[in-house]
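Engineer: Below are the chains, spelled out letter by letter.
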Amino acid sequence: MPTPMHSHLTDLAPSSSPRGGAASPALSPVPPAISVHGLRKSYSGVEAVRGIDLEVPVGEICALLGPNGAGKTTTVEILEGYRSRDAGRVEVLGCDPATERGRLKPRLGIVFQEAAVEPYLTVRETVAMYAHLYPGHRGVDEVIELVGLAHRRAERVVGLSGGQQRRLEMAIALVGDPDLLFLDEPTTGFDPAARHEAWEVVRALARLGKTVVLTTHYMDEAQYLADRVVVIVGGRVVAEGPPATLGLRQRAGARIRYRLPAQDTPPGELAAAPDADGFVEIHAEDPVALLHRLTGWALEHEQPLEGLEVIRPSLEDVYLELTRRGGGAST
Amino acid sequence: MSAAVLTLDQIRYVNKAFWRNPMRAFFTFAFPLMFLVIFTALLGNGVVHIGPRAVKESTYYVASMAAFGVITACFSNTAMMTTFNRDDGVLKRLDGAPLPRAIFFASRILHSIFVAFLLVGITAAFGHFAYGAQLATGMTLLRFLVMLLVGSASFCALGYAITAAIPNGDAAPPVVNFTIMPLLFLSGIFIPFGNGTPDWVQWVGRIFPVRHFAVALQAGFLGTPFRWDDVAAVAGWGLAGLVLSVRYFEWEPRR
Ligand SMILES: Nc1ncnc2c1ncn2[C@@H]1O[C@H](COP(=O)(O)OP(=O)(O)OP(=O)(O)O)[C@@H](O)[C@H]1O
Ligand SMILES: [Mg+2]
Chain A
1 MPTPMHSHLT DLAPSSSPRG GAASPALSPV PPAISVHGLR KSYSGVEAVR GIDLEVPVGE
61 ICALLGPNGA GKTTTVEILE GYRSRDAGRV EVLGCDPATE RGRLKPRLGI VFQEAAVEPY
121 LTVRETVAMY AHLYPGHRGV DEVIELVGLA HRRAERVVGL SGGQQRRLEM AIALVGDPDL
181 LFLDEPTTGF DPAARHEAWE VVRALARLGK TVVLTTHYMD EAQYLADRVV VIVGGRVVAE
241 GPPATLGLRQ RAGARIRYRL PAQDTPPGEL AAAPDADGFV EIHAEDPVAL LHRLTGWALE
301 HEQPLEGLEV IRPSLEDVYL ELTRRGGGAS T
Chain B
332 MSAAVLTLDQ IRYVNKAFWR NPMRAFFTFA FPLMFLVIFT ALLGNGVVHI GPRAVKESTY
392 YVASMAAFGV ITACFSNTAM MTTFNRDDGV LKRLDGAPLP RAIFFASRIL HSIFVAFLLV
452 GITAAFGHFA YGAQLATGMT LLRFLVMLLV GSASFCALGY AITAAIPNGD AAPPVVNFTI
512 MPLLFLSGIF IPFGNGTPDW VQWVGRIFPV RHFAVALQAG FLGTPFRWDD VAAVAGWGLA
572 GLVLSVRYFE WEPRR
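As you go down the protein sequences, you meet chains A and B in turn.
Per the numbering used here, the first sequence starts with residue 1, numbered consecutively.
Per the numbering used here, the second sequence starts with residue 332, numbered consecutively.
None of these hints come from the bench; they were simulated from the model.
A partial selection of chain B residues facing chain A, derived with a Cβ cut-off under 8 Å:
(1) 337
(2) 348
(3) 351
(4) 352
(5) 419
(6) 421
(7) 423
(8) 430
Here a beta-carbon is modelled for each residue, glycine too, at the ideal position from N, C-alpha and C.
All chains, full assembly: derive it from the sequences and hints.
Structural biologist: So this is what it looks like as structure tokens:
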């Protein structure tokens with residue numbers, strides 16, 4: 001049986017202290033973990049990043065969203081020191097990653113979108129090998145257990161499944177006890193249970209005051225984990241904010257949906273033409289008032305409103321709208 | 332960890348991975364022995380004249396194949412495995428961790444030296460029992476071991492250097508073989524030089540490190556004269572390789 005990833009969460013979180021700077025970055029005297037201004041990068045003439053500004057306070061979980069080719073990996077790898085930039089100011093943990101990468105490395109934990117480890121070492125050997133490179137590393141077995149690979153400890157990397165190899169990536173990222181984690185699509189290939197376990201691990205790290213920058217294509221992941229999401233389209237930031245209020249989502253109208261009763265039809269704006277299944281969907285700028293009138297009508301006429309629901313735009317709806325407006329970015 | 336401890340730690344993991352890669356371990360050790368058997372079977376009864384001396388061809392091949400084995404293990408294997416690792420992202424991953432580059436190269440070069448010593452030991456033992464070849468003793472043995480040390484480290488450094496000229500894993504075997512195979516032939520590894528060896532071939536031998544290395548190893552097996560120039564020539568190439576690798580080595584896959 002796989003060991004759940006969160007089995008050691010209690011060891012991780014010493015107290016229920018609030019998140020580092022996420023709550024009040026303005027009041028905090030701590031400089032931000034990441035600060036980026038006007039970042040630009042082209043690959044042989046093609047601009048992949050066209051002026052990104054980004055500030056991530058210490059202790060925040062920041063999610064970068066955006067279509068394939070939007071420039072997320074490029075941005076993250078510039079912050080890690082892997083790629084050079086053409087223009088812009090970049091500071092990561094007080095260092096310029098382009099010139100002070102050596103000082104930065106011991107403090108970073110990285111999950112790459114694409115990378116690998118020596119296939120002929122075992123899980124434990126691999127994590128131990130990486131642990132020895134960091135001055136203040138965490139316990140090897142503890143980290144292996146944390147990512148749910150305890151039962152595969154003695155297995156060679158070649159023998160791991162794709163998702164297990166991603167978990168190993170996560171273990172390597174964590175074992176150096178980094179202050180800042182870059183997770184480039186960290187849960188791609190995870191099964192649903194593993195994904196939730198990974199989320200708990202990331203949250204526990206943030207509670208310890210670690211800063212996390214992750215990219216993902218899973219809206220539920222961003223919704224659950226991120227203090228703030230940054231939507232990148234075509235190398236530019238098109239929106240940013242907490243997932244709950246991104247794109248003024250909380251104030252956008254809602255849709256009300258129910259099955260039209262067979263005998264009777266609510267009057268005027270309370271109804272619409274039903275679809276093939278007999279459901280109607282009406283748009284409401286003010287869903288509270290509309291719902292009140294609708295349910296009032298239903299009680300009065302003793303009509304059931306089967307399948308009644310109020311649908312708020314999801315993060316995914318907002319995201320799709322934003323990236324559609326951003327236009328042609330995924331080409 | 333101190334640099335020395337970290338280097339040993341790296342060597343430990345490099346070593347584990349080496350022996351668990353069946354292709355790598357097999358080609359490193361089986362290839363030179365196989366060639367030794369083939370060459371001696373085909374040509375082993377002849378006589379090679381080296382200066383005033385006449386040596387049995389089978390003994391000559393023990394020395395030659397020892398050199399061939401070291402070059403394959405240190406140069407060809409290093410270049411190919413490193414390119415494959417670069418393609419797969421193994422090097423990129425490692426580069427994300429605070430592993431000092433000096434320790435990365437030192438540990439891997441030291442491991443190659445260890446493999447080279449083992450390989451020459453096996454070849455010498457096999458050559459002794461199968462063909463009555465005899466390794467020198469005393470000072471000659473010591474000089475021989477110095478050449479082996481310098482040679483394996485140098486060819487390994489050259490292996491790292493040439494990865495900068497290899498675009499991807501698919502290109503690794505052709506590029507490596509194209510560089511080393513002609514040199515092996517033009518340095519008398521497979522076919523001993525005779526009186527009729529053209530001048531330009533002699534010059535190729537003088538310029539490139541392969542012949543210098545082979546001649547110095549022969550001194551250990553055949554009792555031919557040992558010259559420190561040979562060691563210096565190989566070391567010069569190795570140093571150049573090291574400088575080039577430090578300067579041009581790439582950690583990320585090319586695209
Ligand atoms: N090394 C490179 N050389 C040339 N072009 C590159 C390179 N890396 C990225 N690009 C290009 O830059 C653009 C941005 O790529 P990037 O990998 O940053 O996107 P991404 O947002 O991470 O996409 P995905 O969601 O698919 O991972 C793409 O058009 C890509 O083709
Ligand atoms: Mg990407």
